[in-house]
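Number of protein chains: 4
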Amino acid sequence: MSITIDLEQDHLHEECGVFGIYSKNKDFNVAYDIFHGLYALQHRGQESAGIAVVKDRKIHFHKQKGLVSTVFQKENLKQLKGSMGVGHVRYSTTGNSSALQNAQPLVVNYKKGSIALAHNGNLINAYSLRTLMEDKGIIFQSTNDSEVIANLVAQMHGTNIEEALKATMNLIKGSYALVIVNKDKLIGVRDIYGNRPLVIGKREDAYVLASESCALDAVGAEMVRDVEPGEIVTIDEKGIHSIFSSYDCKKAVCIFEYVYFARPDSIIEGISVYHSRYQAGKILAQESPVDADIVISVPDSGTPAAIGYSKFSGIPYELGLIKNKYVGRTFIEASQKKREAAVRIKLNPLRSAIEGKRVVMVDDSIVRGTTSKQIVCFLKQAGAKEVHLRISSPPILNSCYFGIDTPDRRQLIAANVSIPQICEEIGADSLAYISEEGILKTVENLRHCVCTGCFTGNYPMEVPKEATKYLFEKQ
Amino acid sequence: MSITIDLEQDHLHEECGVFGIYSKNKDFNVAYDIFHGLYALQHRGQESAGIAVVKDRKIHFHKQKGLVSTVFQKENLKQLKGSMGVGHVRYSTTGNSSALQNAQPLVVNYKKGSIALAHNGNLINAYSLRTLMEDKGIIFQSTNDSEVIANLVAQMHGTNIEEALKATMNLIKGSYALVIVNKDKLIGVRDIYGNRPLVIGKREDAYVLASESCALDAVGAEMVRDVEPGEIVTIDEKGIHSIFSSYDCKKAVCIFEYVYFARPDSIIEGISVYHSRYQAGKILAQESPVDADIVISVPDSGTPAAIGYSKFSGIPYELGLIKNKYVGRTFIEASQKKREAAVRIKLNPLRSAIEGKRVVMVDDSIVRGTTSKQIVCFLKQAGAKEVHLRISSPPILNSCYFGIDTPDRRQLIAANVSIPQICEEIGADSLAYISEEGILKTVENLRHCVCTGCFTGNYPMEVPKEATKYLFEKQ
Amino acid sequence: MSITIDLEQDHLHEECGVFGIYSKNKDFNVAYDIFHGLYALQHRGQESAGIAVVKDRKIHFHKQKGLVSTVFQKENLKQLKGSMGVGHVRYSTTGNSSALQNAQPLVVNYKKGSIALAHNGNLINAYSLRTLMEDKGIIFQSTNDSEVIANLVAQMHGTNIEEALKATMNLIKGSYALVIVNKDKLIGVRDIYGNRPLVIGKREDAYVLASESCALDAVGAEMVRDVEPGEIVTIDEKGIHSIFSSYDCKKAVCIFEYVYFARPDSIIEGISVYHSRYQAGKILAQESPVDADIVISVPDSGTPAAIGYSKFSGIPYELGLIKNKYVGRTFIEASQKKREAAVRIKLNPLRSAIEGKRVVMVDDSIVRGTTSKQIVCFLKQAGAKEVHLRISSPPILNSCYFGIDTPDRRQLIAANVSIPQICEEIGADSLAYISEEGILKTVENLRHCVCTGCFTGNYPMEVPKEATKYLFEKQ
Amino acid sequence: MSITIDLEQDHLHEECGVFGIYSKNKDFNVAYDIFHGLYALQHRGQESAGIAVVKDRKIHFHKQKGLVSTVFQKENLKQLKGSMGVGHVRYSTTGNSSALQNAQPLVVNYKKGSIALAHNGNLINAYSLRTLMEDKGIIFQSTNDSEVIANLVAQMHGTNIEEALKATMNLIKGSYALVIVNKDKLIGVRDIYGNRPLVIGKREDAYVLASESCALDAVGAEMVRDVEPGEIVTIDEKGIHSIFSSYDCKKAVCIFEYVYFARPDSIIEGISVYHSRYQAGKILAQESPVDADIVISVPDSGTPAAIGYSKFSGIPYELGLIKNKYVGRTFIEASQKKREAAVRIKLNPLRSAIEGKRVVMVDDSIVRGTTSKQIVCFLKQAGAKEVHLRISSPPILNSCYFGIDTPDRRQLIAANVSIPQICEEIGADSLAYISEEGILKTVENLRHCVCTGCFTGNYPMEVPKEATKYLFEKQ
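Chains as they are written, first to last, in this note's numbering: chain E, 136 to 610; chain A, 136 to 610; chain B, 136 to 610; chain L, 136 to 610.
Treat the hints with care, since some could be wrong.
Which copy is meant is left open, because identical chains are indistinguishable; a pair holds if it fits in one copy or across any two.
[What the hints assert, rightly or not] Calculated pairs, DSS-like style, for lysine-lysine (alpha carbon to alpha carbon, straight line, at most 30 Å):
#1 Lys-458 <-> Lys-213
#2 Lys-318 <-> Lys-216
#3 Lys-337 <-> Lys-515
#4 Lys-247 <-> Lys-373
#5 Lys-320 <-> Lys-216
#6 Lys-216 <-> Lys-200
#7 Lys-520 <-> Lys-159
#8 Lys-508 <-> Lys-337
#9 Lys-337 <-> Lys-458
#10 Lys-200 <-> Lys-460
#11 Lys-271 <-> Lys-246
#12 Lys-318 <-> Lys-200
#13 Lys-515 <-> Lys-159
#14 Lys-216 <-> Lys-385
#15 Lys-460 <-> Lys-373
#16 Lys-190 <-> Lys-209
#17 Lys-200 <-> Lys-190
#18 Lys-458 <-> Lys-446
#19 Lys-520 <-> Lys-576
#20 Lys-301 <-> Lys-246
Simulated from the structure, these hints should not be mistaken for lab results. Remember, it's a predicted structure, so these values are computed and weren't measured experimentally.
The whole structure should be built from the sequences, with the hints applied where relevant.
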């Protein structure tokens, strides 16, 4: 028997990345740009990818399970002709079997024609809305929130699409960054808390919308600004203009975008993701100093904080763990002893840097603790005299309801045992998390505008008990 | 440059085959049986295939572009666990790009739970119904009639599914053979004209529904009877029972099932397809005799009529054309001269049987006439002294609105030129079609209960001018 | 658990088909023609396919496991540029694992440059020759006889390739039809018995070599003649010319090409394959008449003989069994009862033609008898009053050493039990094989020039005891 | 039109990685271990991968084009049963078309049975040896040196395999690290200069041979030692033992393994690859200091040297460029302007770290200079005030003849223009390479035992003018 190894399993997961582009040149094909944009956003979702483009007021699309570079070959891109379009990458939480029907963009026809819609986020009242619509005789073909949103927009067909979206926003609760194309415009929507990121970029010939600014860079576009919470941005032949939802918007950007999800080269709400992580390292060094010889990171996500820790503490930064850069599933034969080897296939300690050293190992977060335990074990085997674990986010104590795949609370190690117990379980010589105050300092200007629910249990909105998409699958 | 050759292109095409099975044994997996049923119905649709099964009141499904044996591998079948389910094969008329989203069974969730629905036929008022529903804010994700039907059923959720289907039948016009599963039952529905075939079969452990009886044979089931026009058959743990739509049903079975679509080993409405074709050959020999040395068929569809022609005329039957049995697309470099060779790749004249002979060549129908022309040319090159073409169906003069892919009237050769002109164009020494009376004799007991619209223009129901699914694709 | 069904397993199997073409036009690409030629020869081998072409004195090739239409896509064909080349289809007897390295054409470099070689046949002294060469330090990368031949040719590099082939023919024993290209010529070779077929064709612009004439038809070439036993045909810019091996050639063409292997539209040694089968049916009717209502065939190979039987006996020919035309592997769940259903998936009795009838069923041969038994059983279930089995070849009593995959003698039913016992085992009401004299009459002009070893044990050459390729795989 | 982007193209390329394992437990399957070993060596070759295992004295193998994780699926690994075996990853220099026939391990049968052979390196007298053998009538099926070696071994079959290898080493010139299995033993061979690395590892149950020690870590084996130059190591049921070639061995390990090829966590000849790179950074800082604000690396290969530069210079290390970690080919539409964007798809400057800063950018080498130029351009666009390029290897002035794919000398920028000119071309504010003395210090203990031919033109052996494998492809 063999088992499949996925080192990333011990991290929280973003569920989606979205991208949209509108070219002023009607003869230009945006499919390559969307491809590059999605490739830059690949870290936000690896299970399926899709692109929809508009040509002569008709939507053409292709979506499949797999990585962007697998789903889209030259042939597919060549056939996707159109001067505007949207794309989506998705990390599925519900298993392979439903990956295809849940792949986005969702393309639907309604009274006003066709739209393609790509969504990042999670609606907490989707179940109630779905029930209401089912009472009216509506059918659903997926378990995507996007289908709920598309149905609401379709029901409001008496008005234009922007007004329909505004009305929809009055009904839906939760997080959402949406990019939508219909026959003649590209629209971007961000929820009233701005919980999920969405930015606007500009190139000589085109406007771009993307989950992260790194995707703007990938297509040669300049950052214009973030979409505002509650804003509906429309891009068409008249240019760019916006309307706002009728709500007061209380900004509550997901802090975990800074901690782990976003690429370090992205800028969210004016704050460099790299810089915030680097700062976290510095603060961690201040809050939890330790007498040690070297600072190492768990690559790649722990690296900026490790560099920051090194800088403030003066302890030299070294490469201590080498990550095999060839992603893709690997297999091992199942047996307890082999499990250990499984992590080493992906991550190998660099003995010559570690041997005889007192090591500070910086990681971005601890979810279940299983991988951390194995890495500490390897470092000791490789001759580390001491291993001091420093985590650049506070303990994860609560589930997320806004688009992050958090495991069941019983699997969150910090929700179940004390920090000293975690330290013992992991086998580290010491363990410290950054403080809640500390993490807020890393995003200083946004300190009152972030959602820290996973650390504090304080969510930007009421979280109803039944708030979970898993209820959708009825008997 | 290269072009793709498809010899079948010069035939009319069925658009779908459906199959359903309900096993009394809850632990039995029906996926293999559905696979074999679809494999037996493969001639009814080669572009996509799908299977949906029900296990513990949940629907699992897999559908893809491709032949049944390509779409389903051991792995897929193993994962499709459930003791009842439905399957579908589809011939797409709308090109490859939309093949995947139009693949069936259609699986939807609605107020009452999930259903999987497979449809063969065509609704002539689908566009009007869709418009009505779009006015109510309904969205559509495909151009399938099945989605219209599923929405209507969902709107009638106040009653049980059989009553909802009955009410739906009061709204839809056109042809439909449906198989549906929900959480606890298998349902079969045939339109009020019985235009598309649907039969009931029985095995010790299971009931079966299928487009043709050859699929019952494939799973070891015995034929019970045809589903009646307007009948809704329900199979569940209480056994089999039916209700009927409220309409008087005027039976109008598609005559082309006998002429070409159905497999010769199928029995439709008590008439053997093989026998009716064989009869057509006999009648053709009677109506249009010719002094000749041998009778040959255009394989495989013309063979039963050729055998019948031989029997009545006393002219010996011979193999005159050998068909390459390895289906699959082939390529040739594009050039007028090579086009000729293209047909020969699939069909080769058997010189030793033909040389110096006066040949009667029996085929089931002529659509565009291009392939017939090439075959006659080959036979002459192979030394045939004369080639007399006998067609076992009357001239095709009209489009079909009930599920058959007929080309534009301008491409139907018989709708544009006289029979002598066709004969000249094709290069045959004589050409005769069976008479309308003749074709009716081949299905004698059903003579007043068949649709011969493609020959006569007399359709069983009013055909509105806009009756075509191509209108669905809005701007 | 599931098992794979292959209805063809109860037939003898040809092991290869070869094709070569030389165009006078240096700018013409022959890859499409080779593709079409191999497609026409697909029945001779379905496990792997390969094409090698020569452009600017360099050989380019592509070969893979799978059917011709799978192995070669537009892309592959486009890349295979060259005005001459060879192709090969192969039926592997040694299992999937080695299919790839044994795929042909074999492309090798030697003293004189590169050659691509495709072989149909079997060398009975390959093992001895291999041993001799291994003693000289030669390595082998496959278990193909072709590699033995290529090595012998390379060892004779002191002379030109035709002389090298002539010298090679003095060393090898067994059957071989070879097509070879080097940098500037196409060569065809047939063994001194002419055991395996090889024909020469001509098109305005090109010469063609092929295992069967049906492949000439597929590329629009006219038959010129068979390659003679022991002949080495060279085609180059000077035209076509030949030399002969130094042996007296005693022609011994494989009789089974007429019985089953070759396509009915092929002409071998001036005899139409269709005609010889048709004759076999007539002779069988004469030798073993029976009072019956209809004659049917086991499709497709038994059909010509069935038509012949019908003609002579006056008993009408009918379609009695419908074969599913979609080839490809199918799966069933393993269980004794299901085994029966397995054959029916591929072959369904046509009840309306059979019911209440006394049936003569004509088949080309019986190998193990298992499929025949199941078919007879189906016919009886479908209502046949009597089933009389007539076989258009004599009983197969011996193994073939010349390129046909015969099962172990213990599995040859006729080698183990008497004809009445076979009849009883199969469940037929009577069973008769054509006589040895009868089968010779079907190829009258060739009567003294055929190998009937599988029926009579008389082989055209001494068959050494160790004559089998299975010995190659050393420990 | 679209072009394919491969950022790695502007680096030198290793051509192969080899791996072998012998388990004492006859029932243990080593395929998974070989898979993990090759996965760890994937950086040494990405075009094809192969595994050969020995079970019951027979060799089974599978090789294909593609990455290790693509070529080997669970199914393949499950079928590869055997308690010893070898594996190979290959970077092809000769284009896709020949990738499959050149894939290794090479499996051949010869007088003494079967062997599987995997080779890293390049023979400089392969052409002459091939010519000699062709004169004897030997054929070749690939352009691999491995086939030359296998033939030589086969010719020496009068003695045992170790002696045959020893004799072979007397004939071949060039670099080679070989792993070989025959029916009962695993053998490792390193050329008399030890130019290509090969290490021995040990696990409780098994011995392991690998190109790099990181592959030992991947399978849980401990490093034993490097194979010695000229050593032939045999591992069989009697344990491990060696013999030596008859030559005096002058060690000349490839310096570029330390500079770029090997993984940083590997130990070669007792020197940590990471450490040597880190030292190179330190020495570079010493030799070519610069007044700057931050040190960044070109990921991932420049990172250890950048950390070393930072440490010695005291200038803080920062992440300045983010590499998209999803490998795989990407496409862009061809146009000059887009070429720029092409690099950015793989590598994005981290503006927040760079803006307004004087940047030292450390890279391992410059080949053509095109990528460096683009990166410097991006950094300036991202606001870098100055960019000082520091290269941790001396200028590459000469081709490699020992297994490294160096471009034509005309494409080596340093071989054509002066360092100041390179600096200007690239657009950097300053440019410095480490000195030859400096690079030797990074491998101090090995200073007299490295090959620095690509920098100095001093090769460990005479390099004949015709020394190139490209000559193999004859007309």
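Verification of the supplied hints:
1. With identical chains, the CA atoms of Lys-458 and Lys-213 are at most 30 Å apart between copies only, with a shortest distance of 26 Å across copies and 35 Å within one.
2. For a Cα distance limit of 30 Å, the shortest separation of Lys-318 from Lys-216 inside one copy, 14 Å, qualifies, whereas the shortest one across copies, 41 Å, does not.
3. With identical chains, the CA atoms of Lys-337 and Lys-515 are at most 30 Å apart between copies only, with a shortest distance of 20 Å across copies and 50 Å within one.
4. In this assembly of identical chains, the alpha carbons of Lys-247 and Lys-373 lie at most 30 Å apart only when taken from the same copy (20 Å versus 46 Å across copies).
5. Within a single copy, Lys-320 and Lys-216 get their C-alpha atoms as close as 16 Å, which meets the 30 Å cut-off; across copies the closest is 44 Å, which misses it.
6. Both within a single protomer and between protomers do Lys-216 and Lys-200 lie at most 30 Å apart by alpha-carbon distance, with minima of 21 Å and 22 Å respectively.
7. When the C-alpha separation of Lys-520 and Lys-159 is checked against a cutoff of 30 Å, the pair qualifies neither within a copy, at 61 Å, nor between copies, at 34 Å.
8. When the C-alpha separation of Lys-508 and Lys-337 is checked against a cutoff of 30 Å, the pair qualifies only between copies, where the shortest distance is 25 Å, while the shortest distance within a copy is 45 Å.
9. In the homo-oligomer, the alpha carbons of Lys-337 and Lys-458 lie at most 30 Å apart only across protomers (23 Å), although the nearest pairing inside one protomer, at 35 Å, exceeds that limit.
10. Proximity of Lys-200 and Lys-460 under a CA criterion of 30 Å is satisfied in both settings, with 22 Å inside one chain copy and 19 Å between copies.
11. Taking the shortest alpha-carbon separations for Lys-271 and Lys-246, both the intra-copy value of 17 Å and the inter-copy value of 8 Å come in at or below 30 Å.
12. For the homomeric pair Lys-318 and Lys-200, the shortest alpha-carbon distances inside one copy (26 Å) and between copies (27 Å) are both at most 30 Å.
13. In this assembly of identical chains, the alpha carbons of Lys-515 and Lys-159 lie at most 30 Å apart only when taken from different copies (29 Å versus 59 Å within one copy).
14. In the homo-oligomer, the alpha carbons of Lys-216 and Lys-385 never lie at most 30 Å apart, since the shortest distance is 40 Å inside one protomer and 48 Å across protomers.
15. Neither within a single protomer nor between protomers do Lys-460 and Lys-373 lie at most 30 Å apart by alpha-carbon distance, with minima of 45 Å and 38 Å respectively.
16. In the homo-oligomer, the alpha carbons of Lys-190 and Lys-209 lie at most 30 Å apart both inside one protomer (19 Å) and across protomers (28 Å), since each shortest distance falls under that limit.
17. Taking the closest pair of Cα atoms, Lys-200 and Lys-190 come within 30 Å of each other both inside a single copy (24 Å) and across two copies (24 Å).
18. For the identical chains of this complex, Lys-458 and Lys-446 are neighbours both inside a copy (23 Å) and across copies (23 Å), given an alpha-carbon limit of 30 Å.
19. Proximity of Lys-520 to Lys-576 under the C-alpha cut-off of 30 Å is restricted to the inter-copy arrangement: shortest distance 28 Å between copies versus 32 Å within a copy.
20. Taking the shortest alpha-carbon separations for Lys-301 and Lys-246, both the intra-copy value of 18 Å and the inter-copy value of 26 Å come in at or below 30 Å.
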